[in-house]
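Okay, here's what each chain looks like letter by letter:
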Amino acid sequence: MSARKTQDRVEIYLSLLIAVVVIAFSFLIPSVFWSSANFQSIASQMPILGVLALAMAVTILTGGINLSIIATMNACGLVMAWVATHYPPTLSSMLLVLAAGLAMAIVIGSVIGFLIAVVRVSPILATLGIMTLLKGINILISKGSSIANFPDYILVINSTNLLGIPLPLLVFLAVVIILWVILEKSAFGRTIYLIGSNEQATHYAGINTRKTLIWVYILSSVLCVIAALLMMSKLNSAKASYGESYLLVSILAAVLGGVNPDGGFGKVFGMVMALILLQMLESGLNILGVSSYITMALWGGLLLAFIFLKGAQLSRLFRRS
Amino acid sequence: MVKKIGVKTHELFLGLTIILIGGYLSYASADFLTLGNLYDLINNYAMLTILACGLFIVLISGGIDISFPAMTIISQYVMVTLIQGTSGNFALAFALSGGLGLLLGLVNATLVNRLKVPSIIITISTLNIFYGLLLYLTKGVWLYSYPAWFEEGVMLFKFTAADGYDYGLSLPIITLLVVVSLTGFIMNKTSIGRMIYAMGGNREAASRMGFGIFKMQLFVYGYMGLMSGVAGVVQSATVLTVAPDSLLGYELTVLAAVVLGGTSIVGGRGTLLGTLLGVVLLAVIQNGLNLTGVSSYWHTVVTGVVIVTSISMTAWSQRKGEGAVA
Amino acid sequence: MEPFISLGKISKTFYGVKALDNINLTLLPGEVHCLAGQNGCGKSTLIKIISGVYKPDPGFEIAIEGKPYAHLSPIDSVKAGIQVIYQDLSLFPNLTVAENIGIHQHHHNLLVNKREIRRIAGLTMKSIDARLDLDANVDSLPIAQRQIVAICRALAQEARLIIMDEPTASLTMQEVKGLLRVIGDLKKRNICVVFVSHRLDEVLEISDRISVLKNGSLIGTYPASDINNKKLAFLMTGKEFSYAVLPPIEKIGEVALKVSSLTKHQQYKDISFQLHQGEILAITGLLGAGRTELCLSLFGLTKPDSGEILLEGKAVHFASNRDAVKAGIGYVSEDRMSTGLVMDQSINDNIISTVLSRLKTPFRLLDRAKSDRIVSDLIEQLSIKIGSVDLPVNTLSGGNAQRVAIAKWLAINPKVLILDSPTVGVDIANKAGIYQIISALSRKGIAVLMITDEIDEAFFNSHRILVMRKGEIVAELLPEKTSEAALAEVVNG
Chain A
142 MSARKTQDRV
152 EIYLSLLIAV
162 VVIAFSFLIP
172 SVFWSSANFQ
182 SIASQMPILG
192 VLALAMAVTI
202 LTGGINLSII
212 ATMNACGLVM
222 AWVATHYPPT
232 LSSMLLVLAA
242 GLAMAIVIGS
252 VIGFLIAVVR
262 VSPILATLGI
272 MTLLKGINIL
282 ISKGSSIANF
292 PDYILVINST
302 NLLGIPLPLL
312 VFLAVVIILW
322 VILEKSAFGR
332 TIYLIGSNEQ
342 ATHYAGINTR
352 KTLIWVYILS
362 SVLCVIAALL
372 MMSKLNSAKA
382 SYGESYLLVS
392 ILAAVLGGVN
402 PDGGFGKVFG
412 MVMALILLQM
422 LESGLNILGV
432 SSYITMALWG
442 GLLLAFIFLK
452 GAQLSRLFRR
462 S
Chain B
293 MVKKIGVKTH
303 ELFLGLTIIL
313 IGGYLSYASA
323 DFLTLGNLYD
333 LINNYAMLTI
343 LACGLFIVLI
353 SGGIDISFPA
363 MTIISQYVMV
373 TLIQGTSGNF
383 ALAFALSGGL
393 GLLLGLVNAT
403 LVNRLKVPSI
413 IITISTLNIF
423 YGLLLYLTKG
433 VWLYSYPAWF
443 EEGVMLFKFT
453 AADGYDYGLS
463 LPIITLLVVV
473 SLTGFIMNKT
483 SIGRMIYAMG
493 GNREAASRMG
503 FGIFKMQLFV
513 YGYMGLMSGV
523 AGVVQSATVL
533 TVAPDSLLGY
543 ELTVLAAVVL
553 GGTSIVGGRG
563 TLLGTLLGVV
573 LLAVIQNGLN
583 LTGVSSYWHT
593 VVTGVVIVTS
603 ISMTAWSQRK
613 GEGAVA
Chain C
-10 MEPFISLGKI
0 SKTFYGVKAL
10 DNINLTLLPG
20 EVHCLAGQNG
30 CGKSTLIKII
40 SGVYKPDPGF
50 EIAIEGKPYA
60 HLSPIDSVKA
70 GIQVIYQDLS
80 LFPNLTVAEN
90 IGIHQHHHNL
100 LVNKREIRRI
110 AGLTMKSIDA
120 RLDLDANVDS
130 LPIAQRQIVA
140 ICRALAQEAR
150 LIIMDEPTAS
160 LTMQEVKGLL
170 RVIGDLKKRN
180 ICVVFVSHRL
190 DEVLEISDRI
200 SVLKNGSLIG
210 TYPASDINNK
220 KLAFLMTGKE
230 FSYAVLPPIE
240 KIGEVALKVS
250 SLTKHQQYKD
260 ISFQLHQGEI
270 LAITGLLGAG
280 RTELCLSLFG
290 LTKPDSGEIL
300 LEGKAVHFAS
310 NRDAVKAGIG
320 YVSEDRMSTG
330 LVMDQSINDN
340 IISTVLSRLK
350 TPFRLLDRAK
360 SDRIVSDLIE
370 QLSIKIGSVD
380 LPVNTLSGGN
390 AQRVAIAKWL
400 AINPKVLILD
410 SPTVGVDIAN
420 KAGIYQIISA
430 LSRKGIAVLM
440 ITDEIDEAFF
450 NSHRILVMRK
460 GEIVAELLPE
470 KTSEAALAEV
480 VNG
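Protein chains in written order, with my numbering: chain A, 142 to 462; chain B, 293 to 618; chain C, -10 to 482.
None of these hints come from the bench; they were simulated from the model.
We treat Cβ as the ideally placed atom computed from N, Cα and C, and that holds for glycine.
Here are the computed distance ranges between Cβ atoms for each label pair: (1) A:Ala446 / C:Gly376: 24 to 34 Å; (2) C:Lys292 / B:Gly585: 48 to 58 Å; (3) C:Ser346 / A:Val259: 15 to 25 Å; (4) A:His227 / B:Glu496: 51 to 61 Å; (5) A:Ser251 / C:Lys292: 24 to 34 Å; (6) B:Ser473 / C:Ser62: 37 to 47 Å; (7) A:Ser251 / C:Asn402: 28 to 38 Å; (8) B:Leu540 / C:Glu147: 49 to 59 Å; (9) C:Asp122 / B:Asp458: 49 to 59 Å; (10) C:Asp122 / B:Gly445: 45 to 55 Å.
With a straight-line cut-off of 25 Å between C-alpha atoms, the simulated SDA-like cross-links for lysine to any residue are: (11) A:Lys326 / C:Ile375; (12) C:Lys68 / B:Arg500; (13) B:Lys481 / C:Leu100; (14) C:Lys315 / A:Arg351; (15) C:Lys37 / B:Phe503; (16) C:Lys315 / A:Asn349; (17) B:Lys408 / A:Arg150; (18) B:Lys408 / A:Asp403; (19) B:Lys507 / A:Gly442.
Covered by chain C, according to a simulated footprint, are these stretches of chain B (three or more residues, beta-carbon under 8 Å): (20) 487 to 495; (21) 498 to 504.
Given the sequences, and given the hints that come with them, work out the whole structure.
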């Protein structure tokens, strides 16, 4: 059974699930579900979660994982927030903010990549350690409180609409497209999948696996910076403890979207569909008055159900081998 | 032979580090090496140790479980609700809490066995499910009231020391001793313990040898659940409240302690002694930071540095052993 | 003699496809019986039926020591004394020798009885005159010793029938002799040993009787004395294979690779040789001779301690294998499943994996047109039978997968191609195809270095042979001037 074929099936399942959800909500709460307020709500939540989920996914593709995405996001957010609130809003300070955030991300990503690729620490442990370290640093920098009240050039990101579409959503789409190009169309992308399936054989083939892995974790961290920017714009503050719940959900979204937890397989398109599904569910349930806690439980249950369905189909086809 | 020495070396290294830090602290702070401080330390870290024992076995078996904080709170919550206004004893409390934890653990085991995906994914899902249901049903409400017998606690061999405080074997300490002995006994002296090591070392071979893989998973995850319930009672007895969101993120703390102790995340390797030393090291560091007046903002940073250093050194030494190519 | 197990009318169908068709076979106590056949002939299915893992189609007859079995479960099979030693040995690397051997004690008792386990382990080792450290962790042992542990474990279960799957695949000649001695002991104790092997010489040397399977049917069971290599190959494949020495190279090309006094502590010593363009140089010897270690250094994965490597006259110092690849050296590794290919990824991606850096367009994207061309050219050149290039490599047979492994190195237009055990796990019919590919490559001017364990493979497919022993080159022979037997003698010392 080709793993590629499995991928296609994932997209089919997700399409079906999305259709089911849309139909169900259209039936239950037609006027509210199909309102622009609802779409705006979805559109405001999705970008941050989406970028974070992609940050998680690229590392899972290589057979690793990045448990530090939230801590990275907050660290970069705090650094950028500090710069933004300490310098008058000029063009150069805008650039300084971006530079600071990027620099932080690159440092973090390089350290993680180094630990995993060179020191050979297992990704769970490496990112767990860095996460703890970053959490500590974040609290240290911010003394536990938030840095708030940003200049307009940050807030404007969240409140701008281009052609009626909120800017954060466009940023997310841009990220999706860029990532798609990288993964599907570039040599770097091929290397990621090869490493995810068998790092040693890929090394034997003459590919610089160390360099690739380090770049992957840098990429992951850079995505966290983008999420940080979106978060700062939305909340007008940065804090060490934001987004904790996003960690598990980003893993959920990745696996739901067809990313193979062992590495080597997964497509951006599937992930986007999974994100849409999750957001629609959350928003629809929210409208129905269902507690967000139930939604949390539901997402866990959905993932398990999805795995069960996938397993049931595949095992029948796997029987011969 | 090399690998065996490798494991022992890790414990040795941990032991030395603890002694070094402890030595420094007894010099830097008059309060460190006092009965009162050490007593509090043991009591406060009892819960972590109990959970670490459970997680240790899961890791050895080749799996992982990060849903246990939710299991701890849920078992605790139900237990406290049920014992309201009763005149029971701690045996009842443990039975209720432990029993519920055990059941939840069995759910994990079944899912891990039937759905052929890594246990980290499964337990992330069950964590979400358990927490979600918990927070929904409790509406985040804290529990404060306990029956009198619970609040009194248990204290064996009570004595009053020179500093005027009462010491003895408190509930947390008793539970801790029982759990550690039980866990040690299981993993070193029983067949199922050795089979768990075997399964962690080569899962495929274990199933070919006719090991009841499902039964062993039920045992392993069930035990983790049981430990969660037990830890829940200890937590309740210590703080006399149940706060549904109190253990958010705790799974990674316990994991850090177990991993510090040298247990491999892929299974089959690690000792209970190492795990205990890992907990002690974390405890001593935190305590030291507190006693030496280091601002609390630094605590997590230090813990993070310790974890990163420890895992790097372990990985680096293993790397040299294998002569890795990549 | 009363058979230990008699199998009658054994068939096994998977979704309409017959993996086994009406097999009738008896296994006698104290005999060494070989199951021979190509990949996919049904050997492993038959083994799984004997060990109770699979249930045969209705109408079967199985009797063990005279007792008929209507159902044979894995537990029944073990109770009856049937033990399987898989090719990967299925040992627990993190447990000690004693614990591995005595592992089944755990089924009987709740508490661990360390003394009993050590006693049993000691007893079984003594019974086959093995001497291993009971407290050593299995992952610290070399493969030959691990095999002993696996056999002891089977004996600890009071085995009456031991099935060994490719037991000699990773053993040196010395170790094979040791294994044969053990098997001899087992024979004396009336234990039946069933042997699955690809290596025809060994099959003939070791076995009493040979059963040949082809496409799920039993072609026949023959006494080993009645068969020779050629006949066996014919029975297994239905084809005649005649072997002839390679014609000498018409014109010796330039020196592509020159190695001078290459030394690496505890791996190889004072290696010097020259390899010309268009020449196939075979390096053979017993396992442990240092051949693969030498290859790893030539390929830049390890660094020699002293000595020189000259590629086309220029001295090279490889910091990593990437440098070697850039310089034009390709290495088809001996274990294609773990280091030779990324099995789960597509054929296409595997083939271009070595040249990804050369396929970049200005925007660092993959030049799909160019890569497609390279892939289709290579597939045609090597006659690789595939459905689609996007299918994963693990859907291919051993022979085709090995062709993909070779293809990916041809993509770099290598000056020197190192082939390490190129036909391991490839059955006879496909072996011939691979040999043809190799000689075609040499005719194109590529300098080929071929490492092999099989004497006839070296003899019939190279222009020159180097024999290595314990890290040093001890002989150089020309196939056209010597004989297979002479070569064998030099190799085995």
